[in-house]
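4 protein chains.
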Amino acid sequence: MPDFNIGERFKVTLFGQSHGLAIGCVIEGFPAGVTPDWEKITAFMARRAPGQNAWSTPRKEADRPEILSGLNENGLTCGAPITAVIRNSNTHSKDYEALRSTPRPGHADYTAYCKYGDAWDGRGGGQFSARLTAPLCFAGALAKQVMEEKGIAISAHISRVGTVEDEKPDAVNPRFPLYESGAFPVIDAEKGEAMKAEIEAARQRGDSVDGAVECFIAGLPAGLGGPYFGGLEGKLAQALFGIPAVKGVQFGDVRHFGSENNDAFCVENGAVRTVTNHCGGILGGITNGMPVYFTVSFKPTPSISLPQQSVNLRTMAETTLAVQGRHDPCVVPRAVPVVEAAAAIIFLDMILQGV
Amino acid sequence: MPDFNIGERFKVTLFGQSHGLAIGCVIEGFPAGVTPDWEKITAFMARRAPGQNAWSTPRKEADRPEILSGLNENGLTCGAPITAVIRNSNTHSKDYEALRSTPRPGHADYTAYCKYGDAWDGRGGGQFSARLTAPLCFAGALAKQVMEEKGIAISAHISRVGTVEDEKPDAVNPRFPLYESGAFPVIDAEKGEAMKAEIEAARQRGDSVDGAVECFIAGLPAGLGGPYFGGLEGKLAQALFGIPAVKGVQFGDVRHFGSENNDAFCVENGAVRTVTNHCGGILGGITNGMPVYFTVSFKPTPSISLPQQSVNLRTMAETTLAVQGRHDPCVVPRAVPVVEAAAAIIFLDMILQGV
Amino acid sequence: MPDFNIGERFKVTLFGQSHGLAIGCVIEGFPAGVTPDWEKITAFMARRAPGQNAWSTPRKEADRPEILSGLNENGLTCGAPITAVIRNSNTHSKDYEALRSTPRPGHADYTAYCKYGDAWDGRGGGQFSARLTAPLCFAGALAKQVMEEKGIAISAHISRVGTVEDEKPDAVNPRFPLYESGAFPVIDAEKGEAMKAEIEAARQRGDSVDGAVECFIAGLPAGLGGPYFGGLEGKLAQALFGIPAVKGVQFGDVRHFGSENNDAFCVENGAVRTVTNHCGGILGGITNGMPVYFTVSFKPTPSISLPQQSVNLRTMAETTLAVQGRHDPCVVPRAVPVVEAAAAIIFLDMILQGV
Amino acid sequence: MPDFNIGERFKVTLFGQSHGLAIGCVIEGFPAGVTPDWEKITAFMARRAPGQNAWSTPRKEADRPEILSGLNENGLTCGAPITAVIRNSNTHSKDYEALRSTPRPGHADYTAYCKYGDAWDGRGGGQFSARLTAPLCFAGALAKQVMEEKGIAISAHISRVGTVEDEKPDAVNPRFPLYESGAFPVIDAEKGEAMKAEIEAARQRGDSVDGAVECFIAGLPAGLGGPYFGGLEGKLAQALFGIPAVKGVQFGDVRHFGSENNDAFCVENGAVRTVTNHCGGILGGITNGMPVYFTVSFKPTPSISLPQQSVNLRTMAETTLAVQGRHDPCVVPRAVPVVEAAAAIIFLDMILQGV
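Protein sequences appear in the order of chains A, B, C and D. Each residue of the first sequence is one higher than the one before, starting from 546 at the first, in our numbering. Each residue of the second sequence is one higher than the one before, starting from 546 at the first, in our numbering. Each residue of the third sequence is one higher than the one before, starting from 546 at the first, in our numbering. Each residue of the fourth sequence is one higher than the one before, starting from 546 at the first, in our numbering.
It is possible that part of the hints are untrue.
[As the list claims (entries may be wrong)] Just a few of them, taken from the derived set where beta-carbon distance is under 10 Å, the chain D residues facing chain A:
#1 Gly-552
#2 Ala-698
#3 Ile-732
#4 Asp-733
#5 Phe-802
[Unchecked claim] Per label pair, the in silico range of CB-to-CB distance:
#6 D:Glu-735 x C:Lys-695: 40 to 46 Å
#7 D:Gly-764 x C:Asn-718: 46 to 52 Å
#8 D:Arg-609 x B:Gly-899: 29 to 35 Å
#9 A:Met-861 x B:Glu-584: 54 to 60 Å
#10 D:Thr-580 x C:Ala-867: 53 to 59 Å
Note that these hints are calculated values from the structure, not bench results. Positions of the beta carbon are idealized from the N, C-alpha and C atoms, including for glycine.
Work out the full structure, taking the sequences as your base and the hints as a guide.
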């Protein structure tokens, strides 16, 4: 399967380079007859847009997609692939010129060169750029809309920045959305302030900081998924590890001993439920009807202005480099809707497949 | 894609139920003209076989596969799918009879019932059973042989049992294999003894304990993988989360700040390398030529003999249940070759695909 | 996708070589809770079995599959992959020894050598052998059973042998099964006799003869399939061209002019139908609720005992060769159930996918 | 797999509706570092463009694609997905208004309604429109360029219109391109004139006529393809049946008897060749190094201005309808490059996969 495809029946294909003409996506398998809720889509996409506040990059993006196909003359989805295009603008390609021969540590510059050679469009990270999460969020917003109509809620929060951890949601009866405010989505506002301080401190040092996002999905039917490679964990992980900077995915909240980790079954309003939810709503790769949740950890942004050692690929001499340009000192705040989008896409795919 | 398939060009399809007639696999896309190294295959499969020592279940399995297809009259692979069959024997199905109506907490019993209904062959966990990792190891041993001929080494160790952690390998220049002895594969023998004590303590309590496996792969060419959903992390994760009891996968060894997490580039013997290897050999989803490594965390075995609360699905009454039968109090020691097998399969698939 | 897989959600993987230990298949995605109708399965498989009469090879095969997995203790399908194995026996490998260096014209000997090299197991055609249609028929029989329970009928007949054509079924209201007798499935018994004479004449000359199979499927819901590459024709064709010796696939019964080819719509018992059915029940790649039908043409068996020119691949000298061994002078009679099986597999896959 | 995808490693995803904002495609897996030959691409796309002459529809399309992604700043392919967009213009949607409730015989109107319901964008045939073969030709032109650089030639001709057949190419040593002039690509100009007369006669009657396209590919290495479902015929057929109006695909030129159909092997310039080429360059699903060829048959355009019987889906009353608008009376002339494009895509995919 090529690199920019996710999903089988509900399938999203991303395209574009950071500083090319446009980025976008083609969405296949979306149900016909749906009127996209543009207000919600715009609000959802705005949650990942940059330049909104102190803790994200001051770049501005007008991420309003143009819909080239997939809608009928009345604006309903018509069964054809939905194509969304976001034109690139406000790109400062000269910022990256020096980096062509000297790969930035922690970035894809060197490995892209190994894979694509000199033809790689390295401006702004090319097709590795996190900018492609904008069309992913567009697809996720559409998926989320269908999920919501089926009574399925999806919400994520910043669970950690550096060493500062947010409060844990109630894994049995989580509140949706998990966070108080979408601007900096945390459960505990005080912890949120500490996180912002951590990010600001990193920025002022010319450094960056890592973090994690936790995502909850409730309202799923029991029985989704399958054993072995059909398991929910693997399908979600493939999507989640596709998000730039993700280095870890953990399901549920595992305890060290079986006696404390096993979730006792109980009956609630005539239905089978579990008393605790350490398994994250998944047993044997299949939903058990309890909320599904998982944590996605992100590495610190590799773009830092502190000087770093690299190698000039033309001369093969070691050299020192300082990354210029505007970068988020922490990707996690803007990654929250991206994680929600990835989850929405995978679950809609599974629900449409009936597996 | 159905549940028991992994890989695209080099593809493994598992089959069987724990207490059915047989388990096995069909392996497609394996190169023609290879003489399988049966001694190595047998030794590799023996590493996951049960009943070898105090810390694993006393069940005996004669896991010598019969090869139904894929070899020519001289025993070389001939390009046809390779089919391996392991007959089941020594099954104590009566141990599981009572569990049919009363799902075991932490097991797939309830979710399998939701998905397949009453026809599910729940004996021994049916197709959810970790017994199917035996044919996975067979396929992995074949893949490993081809990899070794290409100069690629794969080795995993028990990195944690409960709260006891093994020593970390050198992430820049790891030793292969990582462990001293295959019987209980750890780097630090003393830590190994502490782990065994932890497992034995759990067993005596009628409890079980969790743990983790860390896997290293060296000798890979730079340039394998791709951006976004073509990333190495996602492909490996899909295979790794397919292993029963896996709940988390983490790549590399992320540090909190970019300044310490970014791996500086350097030149060594005329080649580009990195001074440290926090990224786990992967940048932008693509190998950078340094060792790839990741940690897979396993939940504690759900089968414990301590009494647990469940629900009788016929009567919908809450009830208490104690799991009988022979079970590993910790899956991690036997999971080490399974993790190696999953990694070998995914990398061989990528190498054969040339991506 | 590897060579021996067909289907996406309902997926069949064939394995084996003609003269290896066994042939068989793994069937994934079959519904749980079905009791296979063994009498029907055996009867269906017998229709393709050799050695039954004058016009097929005198080889005997005991094609009763052993089911290694996929059934629960009560014989119902349990949701696990269904594995069927047919042991090979009565193989005369010496018949083929001379052919190793000298490829038979019209056979896969030369191209298999190009692809797999010397390691190819050429005995009896290896994995190219039509013997692998036996497990395909097993999978098809299972699929047919589920289809029949949904009111969908599938039947094929010999539509041509050499220049002798069978009567055409009524394309609007075909009778099921199409043929009078399964032994030599034709509509017009007199045409059947002429076909048999054609086959017998070829056999006596040491020659072989081509032919065609026409297949009808009725009872399908309108709306199955999709535009472009999701079209029914392409999906069926991929399966049908997978059958050895197939060289052509034609849907419906196209007339030269639009005015005679377009099928007028009409209303029958309150439902939309067409007056004629030249389109073969498919418009825009999607079923229209009328019977689907298509014709599959087979080349004459390449194994003939007449002398033929070939090349010795070791010496690169041109040479003359006469194929020994027992071969059908016409593959078409035994191919009829194979075509039905391929159609049943594809349609069940589409129905389970809901596309 | 969704409806608008073709290829596995080299993958083309089409999008758009006939009268929507735009049509286009995303092309994944195309090699990096290629400078597209825009002159050749434009010339190739022009061969399928309408409005060029008497025998095609007078509609005008400015089918110059805008490339949104996949090229670097110097115009070379950069490894990112290549996205091409063709804006729609000159659409006469009112021509189709009346057809919404009354499906045109032979068209996808009724089956699209069954599949998508009222939301289907039926204007101009929506996503079923042959207009989407324009981006398919763009992708095919790119694939053809890479193939040509590898010494692989692809050329098709009109082999039949109604009952008029073109001369057959030499199947052993075909000339490339097969035709004298791209405007009406036939081998025998006299037969071409008879075909044009047939088309003109149909047009004047308000009718349409069927036909066929034959395609040759030479320069392929021996060993491409595989047994059973990996066979070249099935892979090509899936792409070819994806082209609107295709109802049949036939490989090679099968003779009735094995003795005349088998192609004798010979040695030519030290290489294995065949004396004749009835098998169409494919044995056992695998190329044998001889030219591959096949014939694709197209039904007559369903859009005819003669009155036809249909059903009003709102009232369920039978009614008479005459299709207005501008339509090709024969799709075959413009389908010739489309067949070449489909073949180029499939072969490039196989070559990049190394299968």
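Tested hints:
Satisfaction of the interface hint for Gly-552 of chain D is found here, the shortest Cβ-Cβ separation to chain A being roughly 9 Å, below the 10 Å cut-off. Given the 10 Å rule on beta carbons, the hint for Ala-698 of chain D is violated: about 26 Å separates it from the nearest Cβ of chain A. Contact between Ile-732 of chain D and chain A, as hinted, is not supported at the beta carbon level, the nearest pair being about 38 Å apart and thus beyond 10 Å. Below 10 Å, beta-carbon pairs count as interface contacts, and Asp-733 of chain D has none with chain A, the closest being about 41 Å; its hint is therefore violated.
Below 10 Å, beta-carbon pairs count as interface contacts, and Phe-802 of chain D has none with chain A, the closest being about 45 Å; its hint is therefore violated. In this structure the supplied range 40 to 46 Å is violated for Glu-735 of chain D paired with Lys-695 of chain C, their Cβ-Cβ distance being about 54 Å. At about 49 Å, the beta-carbon gap between Gly-764 of chain D and Asn-718 of chain C stays in the expected band of 46 to 52 Å. Between Arg-609 of chain D and Gly-899 of chain B the C-beta distance comes to about 33 Å, which sits within the given range of 29 to 35 Å.
Checking the proposed 54 to 60 Å range against Met-861 of chain A and Glu-584 of chain B shows it is violated: the Cβ atoms sit about 43 Å from each other. Separation of Thr-580 of chain D from Ala-867 of chain C is about 54 Å and conforms to the stated range, judged on CB atoms against 53 to 59 Å.
When each numbered hint is compared with the structure, violations occur for hints 2, 3, 4, 5, 6 and 9.
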